[in-house]
Structures are given as C-alpha cells and as structure tokens.
Amino acid sequence: MKFENLKKSLRAMKPYEWFMAAIMIFIAARAMVLGFMNPAESMNPPWLTVINFISAIAGVFCIFLCAKGSISNFPFACVNTFVYIIYLWYWKIYGTMCLEIFFYAPMNIISWWYWARHRDEQQNELTKSRKMTWWQNILVAGVITAGTVIYHAILVKVGGNVAWLDAATLAIGIVAVILELFRFREQYVWWIITDIVAVAMYIQHFDPVYLTKKSIYLIMAIIGLINWIKLSKRNVTNE
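Residues 0 to 238, numbered by numbering that gives the first Met the number 0, are exactly what the sequence shown covers, in order.
Derived by calculation from the structure, the hints in this document are not laboratory data. The C-beta atom is built at its ideal place from N, Cα and C for all residues, glycine as well. A couple of the hints might just be wrong.
Cross-link-like lysine-lysine pairs, in silico, BS3-like; alpha carbons within 25 Å at most [what the hints assert, rightly or not]:
(1) 127 / 232
(2) 229 / 130
(3) 232 / 7
(4) 6 / 127
Simulated restraints, written as ranges between beta carbons of each label pair [said to hold, decoys possible]:
(5) 203 / 85: 30 to 38 Å
(6) 77 / 156: 27 to 35 Å
(7) 135 / 33: 43 to 51 Å
(8) 218 / 88: 48 to 56 Å
Work out the full structure: start from the sequences and follow the hints.
Now the structure itself:
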C-alpha cells in the first residue's frame, strides 16, 4: 500500500464522515472504559470491550474508504475482520463468524490485489467501478434467497443465535463481497440490505457499540452506492 494514496483518501473524507467516525470511536472508548470500571454492569467482559474498540476504529475507516472506491480500505478491512471474528465467537453468532473466517479474510487479500490492478484513470488511489446487467441482478437475488433458506436450516441444527437474521447476513455477505471483488457498483444495494439486517440483529441483541457501528455502515452504504454510480459513469469498462 502506498501511504501517499492513503493520505489522499483520508483527505477526501467529508466533515460529516469525520463526525460519524468521532461518534463511533467515542462510544467504543466509553464502553471500554466503563467495562473496566464496572465489569459487573457491562454486557461484555473487559477484554472484549478492547476488541470492540479496535473494531470500531478499523471498521469505520474501512467502510468510509471503500465507499469512495479507495484501495486503501483493505488494511483496515483485514484488522476489522480479525477482531470481529473474536466478538462473534464469544456471542455464538456462528453464521456470520464463518463468513468472516472462511470468506472475508481471504477475500480481503484477493480483492486488495485485484483492485490495485484496475485503478481509476483520474484518481490513482481509487479503483474502477462496473455495472451489472439485468439478468445478472436477477441471478444474484436468486442465489441469495436460496442461500438464506439453506443456511438457516443448518444454523437451526447447530443452535446458532438469531438464525434467520444470521443466515441472511451470511448469504448476502458472500454475494456482496464477490461483487465487491469484481468492482460491481450493485454490491452496495446488497450492503444496504445486509446492514439493515445487522441493525435489526443488534437491536434484538442490544450492543451499543455494534449497533452504532452498523448504523453508520448503513448510512455509508447509501453514500457508497451514490459514489460508485458516479465512478461507473466515468469509467465505462468491462475489465
């Protein structure tokens, strides 16, 4: 990763993005401090609040940079994936945990390499955006629906928590990260849906840090869709 490109991407962040990042970091830091001061009143053990704090920082910068098409999002993505796996393991959210271990972790590296091979002509720190055809969109929707049903049946057998929401997160996440790898702007339609599912999941299983984080993800997914549509219009490519 070129640090100059990372600097360019960070300088391109809007004031409202820095404001959301500050909110996320403050909430995570507060939860961490309270977790150590009053462990009996915290829903998470103190060590897990540290994990949440690291995830908050890495996660928000990953999602902000990805929404811009910045290749520099991947170092943050790798850190966020690792610490999120620990959180999901502790709370037995097995479907999403498997998604992070067996899919997100290796795909972060592969996507990092692939995006770097297809850089935007106008801004070298960004990647090119592509647009899917109508039949590709229908195929993707069918695969996600089938995957949700199949994985729900598996989760019911292994005793995972919030099985339907967990199964939907898994199915959508797998497809969305493949679309992200190949730089399709439609990934953000599915990120919006999966972030709505995640917000519902963390409302049901209340966690202020992750509820705030996923709410910010939802906002940035909408912004990301807008940004990637603009990128695809100026980069008409099948590469």
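Quiz prompt | Structure versus earlier hints - violations, ascending order | solution = 5, 8
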